[in-house]
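Engineer: Take the given structure of chain B and dock chain E with the ligand to it, following the hints.
So the protein sequences, as listed, match chains B and E.
Be aware that the first sequence starts at 0, since it is given in numbering that gives the first Met the number 0, and climbs by one per residue.
Be aware that the second sequence starts at 0, since it is given in numbering that gives the first Met the number 0, and climbs by one per residue.
It is worth saying that the hints were derived from the structure and are not from the lab.
Treat the numbers as computed from the prediction; the structure is a model and nothing was measured.
All C-beta atoms in this analysis are idealised placements derived from N, C-alpha and C, irrespective of residue type, glycine included.
Treat the hints with care, since some could be wrong.
[Claimed, not checked] Computed cross-link-like contacts, DSS-like style, restricted to lysine-lysine with a CA-CA straight-line distance of at most 27 Å: (1) B:K191 <-> E:K154; (2) B:K540 <-> B:K563; (3) B:K526 <-> B:K460; (4) B:K208 <-> B:K21; (5) B:K518 <-> B:K543; (6) B:K187 <-> E:K154; (7) B:K402 <-> B:K381; (8) B:K18 <-> B:K191; (9) E:K154 <-> B:K301; (10) B:K191 <-> E:K61; (11) E:K154 <-> B:K198; (12) B:K139 <-> B:K198; (13) E:K101 <-> B:K187; (14) B:K433 <-> B:K70; (15) E:K94 <-> B:K187; (16) B:K526 <-> B:K487; (17) B:K375 <-> B:K301; (18) B:K402 <-> B:K191; (19) E:K25 <-> B:K301; (20) B:K563 <-> B:K502; (21) E:K117 <-> B:K187; (22) E:K61 <-> B:K199.
[To be verified] Rough simulated footprint, nothing fancy, chain E against chain B, three-plus residues with beta-carbon under 8 Å: (23) 177-188; (24) 300-309.
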Amino acid sequence: MKKSDNLMSGAQIFFECLKREKVEHIFGYPGGAVLKLYEHLYDVDFLEHVLVRHEQGAVHAAEGYAKASGKVGVVLVTSGPGATNTVTGIADAYMDSVPIVVFTGQVPSHLIGNDAFQEADIVGITRPITKHNFLVRDVKDLALTIRKAFYIASTGRPGPVLVDLPKNVIASKCEFIYPEDVELRGYKPNYKGHINQIKKVAEVIASAKRPLLYVGGGVIMSGGSRELAILARENKLPVAMTLQGLGAFPGTDDLSLGMLGMHGTYWANRAVDNCDVLVSLGARFDDRVTGNVETFARNAFKIHVDIDPTCIDKNVVVDLPVVGDVKHIIAEIASEMPNQPDTTEWLAQINEWREECPLVYEDNDGRLRTEFVIEKLFEKTKGEAVIVTDVGQHQMWTAQHYKYNHPRSNLTSGGLGTMGFSVPASIGASFAVKDRPIISISGDGGFQMNIQELITAAANKVPVKFIIINNSFLGMVRQWQELFHAEKFSFTDLSSSNPDFVKVGEAFGIPSYSTDNPKEVDSILEKAFSINDRPVLLEFKVVKADMVFPMVPSGGSISDMMVKRLNPRRMT
Amino acid sequence: MRRTISVLVENRFGAFDRIATMFSGKGFNIRSISIGETEIADISRMTIVTEGDDQIIDQVVKQLNRLIDTIKVVDLADTYHVERELALISIGLHKGSMEQIKNICDIFRGNIVDITNKSMMIEVTGPPDKIDAAVNVLAPFGIKEMARSGIVALKRGEQLKIQKKENFTT
Ligand SMILES: Cc1ncc(C[n+]2csc(CCOP(=O)(O)OP(=O)(O)O)c2C)c(N)n1
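This is chain B alone, in the form it adopts within the complex (with noise of 0.2 Å):
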């Protein structure tokens, strides 16, 4: 064979490395600079494309996909404009560590830098929103590329990783090596935690009388769920989540104190407020959960695991870190016990407390609340579901009253609080799952943000019940204006201008439904759950100027939380 014969072009290898990779998925949108790649993709048969209608829905379902399964997420699009559009989906998934990898094309090395037709320096504005990021400049390099940003995406804390393309790099031909190991010298994570801190750990857990497990999306992506309940159940502590680490320890179970922060349960507060113990895994002290740093926990001994050495000590100050694999140290802290603490009094006092102050909502005067809906959601799939929200008030109270009985069912833009997250994820979080229903919600703003992707679905057959929670307005700017800006509603309220999101529906070919009646949210969600080869779409209007609570405002101390207390003399 000659050595010509071994010659393959750079979009051959790129596909080729993909199968290397397993990638089973891709989700993306051509141009000028990808054309070559579309070209061989035409033929490739191990992977499908799934075509977005916006490069946004191409990271945001690549996204969900990742959420939902573990794997890393792949897109691939056109360069300027296709990379530019990426972008707010690559921040997104860095603030929330997503793996996935973005391929862009790029103009012609020898036309970089050049301001040639649709270019763009997207390796320059993606630097600081990037785990890493990759210019590929010669074709004799991109097998180790891809190989790197696949390895680099997917192994320590999770992020996106972005490979800029040249055209004339896929074109141009070389012999195709494939790299077996990666090996980087300034990266090396770090997955064992040290064993003496761990048995700290240990002993400060066993002889504490207040200890509180803080648990974020961290456990959730390093596969630990399982050992968090034994942790928990085994010495019985109570688990706080953060918005991302729900999921992570049932819901329904009895040591779950549910969300805590911002619009975290009251009880859960309360507990963070008065442990004496608390132990961080895979959570990061977010302003969101901490409110006012200073206050926060403030008379407890703070123990923080996490894979990424950077979170510790980056907003709050902790007694004892353990740097390593979030899974392994729970197993090896539970193995570790020495004997379990005492926290029947404890558990007796976080029953007390949410006992004070349950979850409430006005639910006899015939409107249709969000809570009400999201509580029909639990009971009809029995905390099953896979469940997408938004941003905005509707995302508080699925967080709030949704009990996800497991990891990886709670998808939800967090960090960056990306409206129009939730009607791409869940279409990428569809070809991930299919033995589980997998649930859109998003509000009538949100809804809009990405709206173009219902085509998506309904191309796709796409089995996603899209749910709007309608409540003609900017809800949760709404609530901050009605609280902090002196009730001036400006330009939140939507009633006036919103689309008819029914006939939107069936504009895409997608059976949709409405109501305004709680006693009718059974039977439509029936019809939407019998549905199930294609989308549904169904459209709640709830009442107008509701308000999530509890909530510590921005900044505060558990001591600011305001919380709901029905009031019967309003309830008319």
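Structural biologist: Just chain E with the ligand now, with coordinates in the frame of chain B:
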């Protein structure tokens, strides 16, 4: 507090920008930054002088470490090390000032590297506080232009037990 951090980085497209971007993105200060070759062809050394309390410096070091392109990050405050900086200082000449400037230049063991009948340029090297002193003494003569290289630093061959954070720089 001023801290000098030494970073070995991949000598690769974008590596410098990535570090600068991290500093600005996280709101860390850079007092000076210098970058140059090392004994290994594909590795560069950056010497970064930054400011902050212990918690901030801890974050700076961790954030630098987190970047894929950084190979080794050392906070030199924990070590015996040598720091050097070079300054080129151009000073306007007045009646009788030349002799005085030349004297000062000698005291600082500087070199006169350029001279016209209106100005002279001197080169001073040394630890940064020596440069500061030279600049202070020369200022009254009228500094027309100045360029400082930023600090380069290297750990000493022998590391004696020292109290943390005590700089030993001459
Ligand atoms: C892309 C983007 N733009 C603006 C915001 C600010 N924002 C946060 S919540 C919110 C209101 C969301 O309204 P809606 O989607 O109707 O949901 P609701 O709060 O009513 O449930 C806005 C505008 C954001 N988070 N994301």
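Engineer: Please flag the earlier hints that this structure goes against, numbers listed from lowest up.
Structural biologist: Structure breaks hints 1, 4, 8, 9, 11, 12, 13, 15, 16, 17, 18, 20, 21.
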